[in-house]
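Working from the sequences, and respecting the hints, build out all of it.
Residue numbers are given in the working numbering: position 89 of the sequence shown equals residue 89, and the series is strictly consecutive.
Just so you know, the hints here were simulated from the structure itself, not pulled from any lab data.
A portion of the hints provided could be inaccurate.
What the hints assert, rightly or not - Cβ-Cβ distance ranges computed for the label pairs, FRET-style: (1) Phe48 with Leu27: 29 to 37 Å; (2) Gln65 with Arg40: 18 to 26 Å; (3) Ser3 with Glu53: 29 to 37 Å; (4) Ser47 with Ser68: 25 to 33 Å; (5) Ala79 with Tyr14: 14 to 22 Å.
As the list claims (entries may be wrong) - Restricting the straight-line Cα-Cα distance to at most 20 Å, the calculated cross-link-like pairs of lysine to aspartate or glutamate (EDC-like) are: (6) Lys60 with Asp49; (7) Lys21 with Asp31; (8) Lys60 with Asp37; (9) Lys60 with Asp31; (10) Lys60 with Glu22; (11) Lys21 with Asp37.
Given the structure is predicted, the values throughout are model-derived calculations rather than measurements.
Even glycine gets a Cβ: it sits at the ideal position worked out from N, Cα and C.
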Amino acid sequence: MRSPAPIGVFDSGYGGLTVLKELVKKLPQYDYLYLGDNARAPYGNRSFDTVYEYTLQAVKWFFEQGCSLVILACNTASAKALRSIQQNDLPTLAPDK
Numbered sequence: 001m002r003s004p005a006p007i008g009v010f011d012s013g014y015g016g017l018t019v020l021k022e023l024v025k026k027l028p029q030y031d032y033l034y035l036g037d038n039a040r041a042p043y044g045n046r047s048f049d050t051v052y053e054y055t056l057q058a059v060k061w062f063f064e065q066g067c068s069l070v071i072l073a074c075n076t077a078s079a080k081a082l083r084s085i086q087q088n089d090l091p092t093l094a095p096d097k
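Here it is in structure tokens:
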């Protein structure tokens, strides 16, 4: 039996580790990749364009690693970039997802 593709969890820092912890408890059959962008945190005071670019870079990296799902555990990334990435980038990044 083939193991499921990993799930990616992204945050601008360490806060998303609490989300990852709960995911592992509830869905232990999956492998996970975590990316916390501590080098460029915090995202809260950054422009839409900057948050969008940083988040898109992370999402691309997760798909390059073979993730089947990417969870944005970062409030700022979700609020500023999620919708644009869903509408503009996902069809070309992961057309089968």
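- Message: What's the verdict on lysine 60 and aspartate 37, does the C-alpha distance respect the 20 Å limit or exceed it?
- Response: holds, 14 Å
- Cβ-Cβ distance between glutamine 65 and arginine 40: within 18 to 26 Å? holds, 19 Å
- Given the hint that lysine 21 pairs with aspartate 37, test it: the Cα-Cα distance must not exceed 20 Å. The given pair, whose Cα atoms are some 18 Å apart, holds under the 20 Å limit.
- Message: Hint check: lysine 21 vs aspartate 31, CA-CA at most 20 Å. Holds or violated?
- Response: Within the cut-off at roughly 12 Å; holds.
- Are the Cα atoms of lysine 60 and glutamate 22 separated by 20 Å or less? Outside the cut-off at roughly 24 Å; violated.
- Message: Taking 25 to 33 Å as the stated bounds, is the beta-carbon spacing between serine 47 and serine 68 within them?
- Response: 31 Å Cβ-Cβ, so the 25 to 33 Å window holds.
- Task: For phenylalanine 48 and leucine 27, compare the CB-CB distance with the range 29 to 37 Å and indicate the outcome.
- Result: The hinted range 29 to 37 Å holds for phenylalanine 48 and leucine 27, with Cβ atoms some 32 Å apart.
- When you check the alpha-carbon spacing of lysine 60 and aspartate 31, does it fall within 20 Å? OK: lysine 60 and aspartate 31 at ~18 Å, within 20 Å.
- Task: For the pair supplied as a hint, lysine 60 and aspartate 49, confirm whether the alpha-carbon distance does not exceed 20 Å.
- Result: The hint holds at about 16 Å.
- Item | Hint check for tyrosine 14 and alanine 79 - Cβ pair distance inside 14 to 22 Å | holds, 19 Å
- Message: Can you tell me whether the CB distance of serine 3 to glutamate 53 sits inside 29 to 37 Å?
- Response: At 32 Å between Cβs, range holds.
Of the numbered hints listed earlier, the single one contradicted by the structure is hint 10.
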